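Top line first, the protein sequences correspond to chains R and B.
At position 72 of the first sequence (counting the first as 1) the number is 389 in our numbering, and the numbers step up by one without a gap.
At position 76 of the second sequence (counting the first as 1) the number is 77 in our numbering, and the numbers step up by one without a gap.
I should point out that these hints are in silico values taken from the structure, not numbers from a laboratory.
Any given hint might turn out to be false.
[To be verified] The list that follows gives simulated cross-link-like pairs (lysine to any residue, SDA-like), each with its CA atoms no further than 25 angstroms apart:
id : chain 1 : residue 1 : chain 2 : residue 2
1  : R       : 355       : B       : 43
2  : R       : 355       : B       : 75
3  : R       : 355       : B       : 77
[Unchecked claim] Just so you have them, the derived chain B footprint on chain R, three or more residues with Cβ under 8 angstroms:
id : region
4  : 392–398
5  : 408–418
6  : 421–433
None of these values were measured; they are calculated from a predicted model.
For every residue, glycine included, the Cβ atom is placed at its ideal position computed from N, Cα and C.
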Amino acid sequence: MNRKVSKLLTTLIILCFPAASFAEIYVCRSEQQFYLSKDFFGSWTSASANNSVDVIIDTSQGLRLEGLTSEDYVGACRYSSYGGYFCTWENDHTLFQVIVEELANGVFFTYTDLSSDQIMNSSGSCTKVPP
Amino acid sequence: MRKLLATITILCFSNVINADIYVCESEIGGDLLAPTVLQESYTRKDDTTYFIVDTDTGVRESNGSKHTVEPCRISGEFLICMSFFEGIGMNSFAIDTINYTFTYVEQNYRVRISSYYGTCIKGS
Numbered sequence: 318m319n320r321k322v323s324k325l326l327t328t329l330i331i332l333c334f335p336a337a338s339f340a341e342i343y344v345c346r347s348e349q350q351f352y353l354s355k356d357f358f359g360s361w362t363s364a365s366a367n368n369s370v371d372v373i374i375d376t377s378q379g380l381r382l383e384g385l386t387s388e389d390y391v392g393a394c395r396y397s398s399y400g401g402y403f404c405t406w407e408n409d410h411t412l413f414q415v416i417v418e419e420l421a422n423g424v425f426f427t428y429t430d431l432s433s434d435q436i437m438n439s440s441g442s443c444t445k446v447p448p
Numbered sequence: 002m003r004k005l006l007a008t009i010t011i012l013c014f015s016n017v018i019n020a021d022i023y024v025c026e027s028e029i030g031g032d033l034l035a036p037t038v039l040q041e042s043y044t045r046k047d048d049t050t051y052f053i054v055d056t057d058t059g060v061r062e063s064n065g066s067k068h069t070v071e072p073c074r075i076s077g078e079f080l081i082c083m084s085f086f087e088g089i090g091m092n093s094f095a096i097d098t099i100n101y102t103f104t105y106v107e108q109n110y111r112v113r114i115s116s117y118y119g120t121c122i123k124g125s
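Just chain R, same shape as in the assembly (with noise of 0.2 angstroms):
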């Protein structure tokens, strides 16, 4: 019995432990913004912002916007072997993505929330948290 209370222990590390090792942070902020959305009329047209938006990105956690009212880290992200993360969350009828990639020159990522009535799109620099 107590060599299968081992085993399992020994496989549950394992099986966490790379997890844990692999989780990444990154601090993300984008200057500007696109818009396509729905106008007073109903019609749709194209705007763009110049509003900081700030993502801090926990691969094993998920991510966190800023300007939202929970503080906790939400949706999930999952590692490309392209290098980098892709993270989504479902929230309220909107969905919001989040690409973080690593390349020669930086780190960057965009930013996407998507609903019936709005469409923004945000791309920005990163940095990344050391471990």
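Go by the hints and put chain B onto chain R.
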């Protein structure tokens, strides 16, 4: 054996019955492109793109280009079709089943995003 065949038949048949087809036409779109990740540019595009949504197989363009390759799912009033493409990016297509409008984002690596809004007609 009989039961198995009957089950398979029922499953396949119900699948055929449940698959919905939508033909969607974009009214407005835009591209966010930053190929060098230095100088961003955003262009509005007013040319029409047609998408065919099969709730079983995903979204493709009228020219055959596949945009999502997985079955779509219902979330509230929305039909959501989403796919991840390793090394390319992720695409999310959402149809509001109340008023048959759609929004679509194709978000790719190397800071390339295409967005669309438009209307759909439901087929079978």
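Is it true that the CA of residue 355 of chain R sits at most 25 angstroms from the CA of residue 75 of chain B?
holds (23 angstroms)
Distance restraint between residue 355 of chain R and residue 43 of chain B, which requires alpha-carbon spacing of 25 angstroms or less
It holds: about 18 angstroms lies between the C-alpha atoms, which stays within 25 angstroms.
Hint check: residue 355 of chain R vs residue 77 of chain B, CA-CA at most 25 angstroms. Holds or violated?
holds (21 angstroms)
Coverage claim, chain B over the region 392–398 of chain R, checked by counting residues with Cβ within 8 angstroms (three needed)
holds (count 3)
Chain B over the region 421–433 of chain R, status - at least 3 residues with CB closer than 8 angstroms:
holds (count 8)
With a cut-off of 8 angstroms between beta carbons, are at least three residues of the region 408–418 of chain R near chain B?
It holds: at least three residues are needed, and the region 408–418 of chain R offers 5 whose Cβ sits within less than 8 angstroms of chain B.
Checked against the numbered hints given earlier, the structure satisfies every one of them.
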